[in-house]
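A.B. asks: Listed in order, the protein sequences are those of chains A, B, C, D and E.
Counting in the working numbering, the first sequence runs from 7 upward without gaps.
Counting in the working numbering, the second sequence runs from 11 upward without gaps.
Counting in the working numbering, the third sequence runs from 5 upward without gaps.
Counting in the working numbering, the fourth sequence runs from 5 upward without gaps.
Counting in the working numbering, the fifth sequence runs from 27 upward without gaps.
Treat the hints as calculated values from the structure; they're not laboratory data.
These figures come from a predicted structure and were not determined experimentally.
Errors might be hidden in some of the hints.
With a straight-line Cα cutoff of 20 angstroms, these simulated PhoX-like cross-link-like pairs (lysine-lysine) come out [claimed, not checked]:
id: 1; chain 1: D; residue 1: K257; chain 2: C; residue 2: K124
id: 2; chain 1: C; residue 1: K124; chain 2: C; residue 2: K78
id: 3; chain 1: D; residue 1: K16; chain 2: C; residue 2: K133
id: 4; chain 1: A; residue 1: K258; chain 2: C; residue 2: K257
id: 5; chain 1: D; residue 1: K133; chain 2: E; residue 2: K72
id: 6; chain 1: B; residue 1: K87; chain 2: B; residue 2: K265
id: 7; chain 1: C; residue 1: K16; chain 2: D; residue 2: K133
id: 8; chain 1: C; residue 1: K106; chain 2: C; residue 2: K133
id: 9; chain 1: D; residue 1: K106; chain 2: D; residue 2: K133
id: 10; chain 1: C; residue 1: K124; chain 2: C; residue 2: K112
id: 11; chain 1: A; residue 1: K18; chain 2: D; residue 2: K133
id: 12; chain 1: B; residue 1: K87; chain 2: E; residue 2: K288
id: 13; chain 1: D; residue 1: K106; chain 2: C; residue 2: K257
id: 14; chain 1: D; residue 1: K124; chain 2: D; residue 2: K112
id: 15; chain 1: C; residue 1: K257; chain 2: C; residue 2: K186
id: 16; chain 1: A; residue 1: K258; chain 2: A; residue 2: K18
id: 17; chain 1: A; residue 1: K258; chain 2: D; residue 2: K109
id: 18; chain 1: C; residue 1: K16; chain 2: E; residue 2: K72
id: 19; chain 1: D; residue 1: K186; chain 2: D; residue 2: K124
id: 20; chain 1: C; residue 1: K112; chain 2: C; residue 2: K133
id: 21; chain 1: D; residue 1: K78; chain 2: D; residue 2: K124
id: 22; chain 1: A; residue 1: K258; chain 2: A; residue 2: K20
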Amino acid sequence: MRKQRSAVAGPKAKALGLGIGGIVLFFLIWEAAPRLGLVSDRYLPPASEVLVRLGQYLTEAAFWNDVADTMTSWALGLAIATVAAIVVGLVIGSSRFLRRATHTTIEFLRPIPSVALIPLAVLIFGTSIESTLLLVVYASFWQVLLQLLYGIADVDAVANDTAKSYGLGRLARVRYVIWPTALPYLMTGLRLAAAVALILAITAELIIGTPGLGKQIALTQSGGAISSMYALVLATGMIGVLINLGARILEKRVLSWHPSVRGDVVL
Amino acid sequence: APAGGGDALTPVTVGVIPIADTAPLYLGFDQGFFEDEGLELTIETATGGAAIVPAIVNGDYQFGFSNLGSLMVAKDKGLPLELVSAAVASTGDVTSDMGAIVVSGDSPIETLADLNGKTVSTNSLNNLLDTVARSTIDSAGGDSSTVSFVEIPFPDSSAAVENGQVDAAFVVEPFVTSALENGNRVLSYGFAEFADKLDIAAYFSSAATVAGDAELVTKFQAAMKKSLEYAQANPDAVRAIIATYTETPAEVLAKIVLPTYPTEFNVDAVTALSEAALKYGVVENAPDMSTFLP
Amino acid sequence: MLSVRGLQKIYKVPGGDVEAVRDLTFDLAEGELVCLVGPSGSGKTTLLKCISGLMEQTSGTIELAGAKVTGPPKSMAVVFQEYGRSLFPWMTVRANVELPLKNQKVPKAERAAFVDAALKSVGLDHVPKSYPWQLSGGMQQRVAIARAVAYRPQVLLMDEPFAAVDAQTRADLEDLIRTIWKQLGVTILFVTHDIDESVYLGERVIVLSSSPTVVQEDLTIDLPAERDQLNTRALPRFMELRSHVYAEIQRAKLGPVTEQITAQRRTAVK
Amino acid sequence: MLSVRGLQKIYKVPGGDVEAVRDLTFDLAEGELVCLVGPSGSGKTTLLKCISGLMEQTSGTIELAGAKVTGPPKSMAVVFQEYGRSLFPWMTVRANVELPLKNQKVPKAERAAFVDAALKSVGLDHVPKSYPWQLSGGMQQRVAIARAVAYRPQVLLMDEPFAAVDAQTRADLEDLIRTIWKQLGVTILFVTHDIDESVYLGERVIVLSSSPTVVQEDLTIDLPAERDQLNTRALPRFMELRSHVYAEIQRAKLGPVTEQITAQRRTAVK
Amino acid sequence: MASFRERRRRPVSPLTRIAYFFGLPILLIVLWYALSFGSTNFFVPKPIELAQTLWTTWIGDRFFDDVLPSLGRLAVGLFFAIGLGIVLGLLIGSTRWLRNLLEPLLEFFRAIPPPVLVPLLMLLIGVNDSMKVAVIISGAIWPVLLNTVEGVRAVDSVLNDSCRSYGITGFARIRYFVLPAVTPQIMAGVRQSLSIGLILMVISEMFASSSGLGFTIVQFQRNFAIPEMWSGIVVLGLIGLGLALIFQFVERRVLHWYHGLKEITHDS
Ligand SMILES: Nc1ncnc2c1ncn2[C@@H]1O[C@H](COP(=O)(O)OP(=O)(O)OP(=O)(O)O)[C@@H](O)[C@H]1O
Ligand SMILES: Nc1ncnc2c1ncn2[C@@H]1O[C@H](COP(=O)(O)OP(=O)(O)OP(=O)(O)O)[C@@H](O)[C@H]1O
Ligand SMILES: [Mg+2]
Ligand SMILES: [Mg+2]
């Protein structure tokens, strides 16, 4: 514990190095598995082959268009879901009546798979981006909402009493007390939702056939182009890593006061 | 509207699955057959009926592509759909077809009857493929009620066969070719075994469109007819166009068996299919061929 | 100003109720400075929470300026015993002190002046940009005091506000409270464990019995209005009063049962 | 037993460093009871955290029984200033006190006896099954004290442990600490803001300057070993010593700069 | 003042409980009934029709053949997802180098859609129940894992110091300090996992199966048995509700200290 604290070589560089190390390790295992014959390389080509294919993709404009399409539905869907969940969460979370009255409904709706809603979505919105958005929003909304509700419940009783005694009304308490307390939970919810939104954006493209990475994955799958498919999956995973990186940077900024970021507890 | 006139094209959207079966539509578009009929064609793709059928029902698409099994089930369930054109059929050649039941190279299974008590995968259950498979097994002296069918998507089927997770798989091109390339063996070309040039799929529309816009349907049918004929006559053009909208590797594409692109339904084969569908409980009532086919 | 009548508070706990406060009755006139002392666990914090409308009493009534207290009144400020938890860790010291004023829509310039003055008066004008968790315990407590002072309430409830500060600072803060009290005419209820402090600060000292709590003694402090740390504490009368309070506390710790009959009389030491 | 040499602690804060402790040097002999006083924010808590191996100093060395402190030593117990946050809210009072013993694999029967005795000595034998958050501030603080006492450490560090308890309880606890100290021969470093308390309790009183901190005064308390609340506090020598400490604290608050030269001498008041 | 009333702890009568439980759902059903009254759309189910279908479709053999096995897999999947999530979360949360090493990798896997992951798992594990359980774990683990990691990183510094100073380290530290301290956040994660697990149960049965709740729903959908499909979704919702009730029961016991500390009143 102590050693880490006095670490001189930039801890950031070290963290980055370890992270890259982890990924390299993963690629090595992936490379070895088909080469050693653990799985047939016709169904899981070695990492190098997939990486080469990914490299080709990266030079194609069509690939970047697909990425842009997917990221558009992702960003829009996530934004709508987050804003909706924050509004709904703050309203429900700060009223006991609403919390109790909505409990059954929320628990009933949450486990409904977005995939099952595809026919309904297409029926309502056709095969336009709205359908994809509906699925993305439906799936990621609950993640943020639930985390937020738990965050709101985490408000310190003394802090809340303090705010009340100084005449902070409900809105002011939401703004100054409840929101900051729930923020760490919200950030976790956001990270969960970001991945789910990406997954749903791709799945929706895959099934509905709107343009994007998902459609491309479906094409490579039905065309039997295995390395291309894994290259696209790899791209998806990398987008996930980048999204997380962004979330971490955001977290550092908005949670600088929080023990998890300020790090009094060195672990 | 003036046929072939360039000034007032009627927009029409067709929802299809991007596979070899729909090549004529792409060809027709390329060749200008639709434009000639005064149609401004847009092709939308999906992986299956889950998205196409609702889009047809709500009028988002005017026409769609679906396999005949699904269409029979849909009509049986009372969905307001109407078939408008033939689309694709098997080759009818029991030694080389676009769909086959494959087993691994070292499998002890030699005949369809050997499948008794075994596991067979198809891409979708209670549908065209398993109906055909059951029927051919029973005709070959087996007992299909002892065979268990599981759903595995085509791309993953040959892996499942090779790893012994299933005993046989009913797959279509390009996976027949790749299965053969990888040392697997065709047990039976199921479609051809079942009937001569069995229609696999069809283009369909909603009852509302058929009733309300007969002119559009007629134009589409005319353009489709030209496209299907052209495709049937130009297999090289078919292979070339498939390369543009699928990701099938070129070397595989060169070897796949192309289906037949008929302009008319094979009524006998479809009737046999509907009877089999009834027999195996896929539909509750056999469709009336006079109203089912266009 | 403040009137507490027959207050009772029972905490419902799984496995039995806890009667924290049994029967409290007392009044605070407007502009009075009253100190509350009592054994640890006698229900002082409970009482303050009830008065500030943060918790509902089990029975009895609390009236503030003639109106029943049913929620936190606007014109009241509370300094909580758990000072560490009452500061918002996501705000700087300055923002913590400023928040209630901002919420009251006090104009910016005025607000800044109030905050600066309050921070200066508790000796923290050098750390406005620090976060509470970067401060020592005593500093945190002083931030909480500064917040209450800057708010300029009509009624000020303080729960052991000087527990974590050193003797010298404590003396300064005591004088600060008396100054504010005199200047602004605010009504103050001040909980403390320091007997000297209660006598030095208060115009009256209320001694609570141990739990279940009743008022054991309500003592008028007849010291001169002008007090200072050196001279007032040296007065013989101061000594008398503090010994009296000390004796009462010792008696309180023995338990309320035998005391109940005499408990609620209002005494003045002769 | 404990030797602190040239201790310096700088907190790294975004926007500038805070030098909390500049240069502290002192020793504690085995079995000594030393009180530490100093202005609020002078670095007492910081010092205790360094001694207990919870925080790394910036420079200087700390040795315990001849070995450098690099992590929390086994035989040491700490009572934290933030008593409310140092108890585990998911455990009952009893479980809180018992945990360190359980962790030390003390046999069950012995453990129960230690815990019971400790809870009784702080006057909390009636609430073993309550949770910390069901207790008043002072009661929580006493649980933390009981936990340290039950642990029977060789070195006991206490950070304002009596801040939240009433005068009578405080007196009892002071006597408890002296009893334990004498009976078990434990070395105690006791931080307090109460000057009388520091003189009454300690064999020595170390006065810290205000931050950045140096030792301003190291005062031997030459009061008789047997102390009691009434008589000891009435001794003229007690009065002298407390006035001396008070004066030192006042001087400390003026800042360390002018004091540095004389700071580290060890004085005894004549 | 509503906020004031929040503190009041009146014993809740069974009647109000029932009202809270069914109030909003009934309201929504009535609304849905009114909206779907004139509709003839094939894809839009109507309440009464749906209720009948629910009864005829799911009561009987199908319950034992499809629903129970699925629930069994779900239970196993959730058990491992939660268990692994907590264990890994504690490890990763409390070891910085491990966190740095694994975080990008985990984020990578988290972003991969299950429909793409399933074929790979089929390849590696085979077409069997383990594969389906693996699919459930692969999705349901994340909320628990992430919440545990974040919870561990945010433990109270004073409590942490208390532990260290009393020599409570290693396993005892986890057992008595870290785990309980993180429980509120773990519970938030578990709650998410329950519904995600249910969703993945459906997705896992979309591939390589011939029975199961998810399989049946997908079959209904594909075969245009729309009322039956909706009834399957209602079954999912009801299972979700059931899980939530069990969860609430557990949470109340595990976190009673937390609810007391935060002065959270128990509801519904
Ligand atoms: N949330 C609670 N649940 C149950 N009992 C409680 C709760 N809060 C306080 N009590 C009990 O009520 C009694 C009075 O507590 P209170 O905090 O009012 O005392 P206090 O006078 O402020 O004591 P101190 O001087 O030690 O702070 C105590 O016996 C305590 O155990
Ligand atoms: N985490 C931190 N980050 C930055 N500065 C800190 C931190 N902790 C303490 N300090 C600073 O270090 C100085 C000493 O703090 P410390 O808590 O040791 O004081 P103390 O003597 O215990 O005071 P008190 O009697 O008020 O508790 C203070 O000026 C404080 O602001
Ligand atoms: Mg209190
Ligand atoms: Mg301190």
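A.B. asks: Take a quick look at whether K106 (chain C) and K133 (chain C) sit within 20 angstroms of each other, Cα to Cα.
C.D. replies: holds (17 angstroms)
A.B. asks: Take the C-alpha atoms of K258 (chain A) and K109 (chain D), compute the straight-line distance between them, and say whether it is at most 20 angstroms.
C.D. replies: violated (41 angstroms)
A.B. asks: Could you grab the alpha-carbon distance between K257 (chain D) and K124 (chain C) and see if it respects the 20 angstroms cut-off?
C.D. replies: Within the cut-off at roughly 15 angstroms; holds.
A.B. asks: Given the hinted pair K257 (chain C) and K186 (chain C), is their Cα-Cα distance within 20 angstroms?
C.D. replies: With a Cα-Cα distance of about 33 angstroms, the restraint between K257 (chain C) and K186 (chain C) is violated, given a limit of 20 angstroms.
A.B. asks: Has the given pair, K16 (chain C) with K72 (chain E), been kept, meaning a C-alpha gap of at most 20 angstroms?
C.D. replies: The given pair, whose Cα atoms are some 48 angstroms apart, is violated under the 20 angstroms limit.
A.B. asks: Is the straight-line distance between the alpha-carbon of K112 (chain C) and that of K133 (chain C) 20 angstroms or less?
C.D. replies: holds (18 angstroms)
A.B. asks: With a cut-off of 20 angstroms on the C-alpha distance, tell me whether K133 (chain D) and K72 (chain E) pass.
C.D. replies: violated (55 angstroms)
A.B. asks: Is K124 (chain C) within 20 angstroms of K112 (chain C), Cα to Cα?
C.D. replies: holds (18 angstroms)
A.B. asks: Take the C-alpha atoms of K18 (chain A) and K133 (chain D), compute the straight-line distance between them, and say whether it is at most 20 angstroms.
C.D. replies: Violated, because 47 angstroms separates the two Cα atoms, which is more than 20 angstroms.
A.B. asks: Does the structure keep K87 (chain B) and K288 (chain E) at a Cα separation of 20 angstroms or less?
C.D. replies: violated (55 angstroms)
A.B. asks: Are K124 (chain D) and K112 (chain D) close enough, with their CA atoms no more than 20 angstroms apart?
C.D. replies: With Cα atoms ~18 angstroms apart, K124 (chain D) and K112 (chain D) stay inside 20 angstroms; holds.
A.B. asks: Check whether the Cα positions of K106 (chain D) and K133 (chain D) lie no farther apart than 20 angstroms.
C.D. replies: holds (17 angstroms)
In this structure, the earlier hints numbered 2, 4, 5, 6, 11, 12, 13, 15, 17, 18, 21 are contradicted, and the remaining ones agree with it.
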